[in-house]
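Undergrad: In case you want the letters, here they are:
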Amino acid sequence: MPGQLVLPSSRTPASPLSQFSVEKDSPWLTYELAQGAGTPRWVRVFGTIFLVVVVVFVILMVAGGTKHGPGRHMKPAADRGAASP
Amino acid sequence: MIMNAGLRKLALTAHVACSVGWLGAVAGFLALAVATLTTGNAQMVRAGYLSMETIARLAIVPLSIASLVTGLVQALGTSWGLFRHYWILFKLLINVFASIVLLMYMRTLSYFSDSVAHATLSGADLLAARSVSPVLHAGAAVVLLLVATVLAVYKPRGITSYGLRKRERVKAAG
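As you go down the protein sequences, you meet chains B and R in turn.
If you're matching positions, the first sequence starts at 1 in our numbering and goes up one per residue.
If you're matching positions, the second sequence starts at 1001 in our numbering and goes up one per residue.
Read the hints as simulated data drawn from the structure, not as lab findings.
All C-beta atoms, glycine included, are put in the ideal place defined by N, C-alpha and C.
So the derived list for chain B, only partly shown, Cβ under 7 angstroms to chain R, looks like this:
no.: 1; residue: PRO40
no.: 2; residue: TRP42
no.: 3; residue: VAL43
no.: 4; residue: PHE46
I would like the entire structure built from these sequences, with the hints used as guidance.
TA: So this is what it looks like as structure tokens:
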């Protein structure tokens, strides 16, 4: 049946995977045995997006240098008020 | 060390509570940030910044650290591992990245709350202190934490090369 998970015969207590001390029908074992080799598309998409976000963050931090900080987020009027006694 | 079933459920419960609690706390922070940005009431601006700093310091930061720690326990104490599956790896990266940005942003939040705490500030000064920065940071955090939640629930398939090597070693050993 399409979509139905077919587990290999190694899903027995005597299999090499039994050294992980998991129950025979544990979600992990079912999931693990259903895995195939190769990088899924979602990983490539997520990885690219995450990398772009991190690079942009680092560039903003580096480019901002000493300018980046609390004062950059606040308008001068409140700054002047905060500085007064 | 692989945890037994009872301990595993306890660790999972702690991790879910901390992670979802973190998301909820950030959502509360976002509500305050939006209200502070859009209000025309100067005292609301003062109250908003003071409340945001308190929520971040006493709820968001502790929950983010607790989420990271319980996640590490959950991954390393069970057969899932930390680097075997892409979804777990992504959750770790999201958690670490969000925590770093959060800790860096705490300095800005303290600055905001210290600035508006002065009783001598006029209403115009307080209104001038409104900033879109907390809204942007909290909005981005909500998106990141929602992605992490979706990954945790759906567990999309994908095993890392490290996970594959580990599985092959186990098979070869058997």
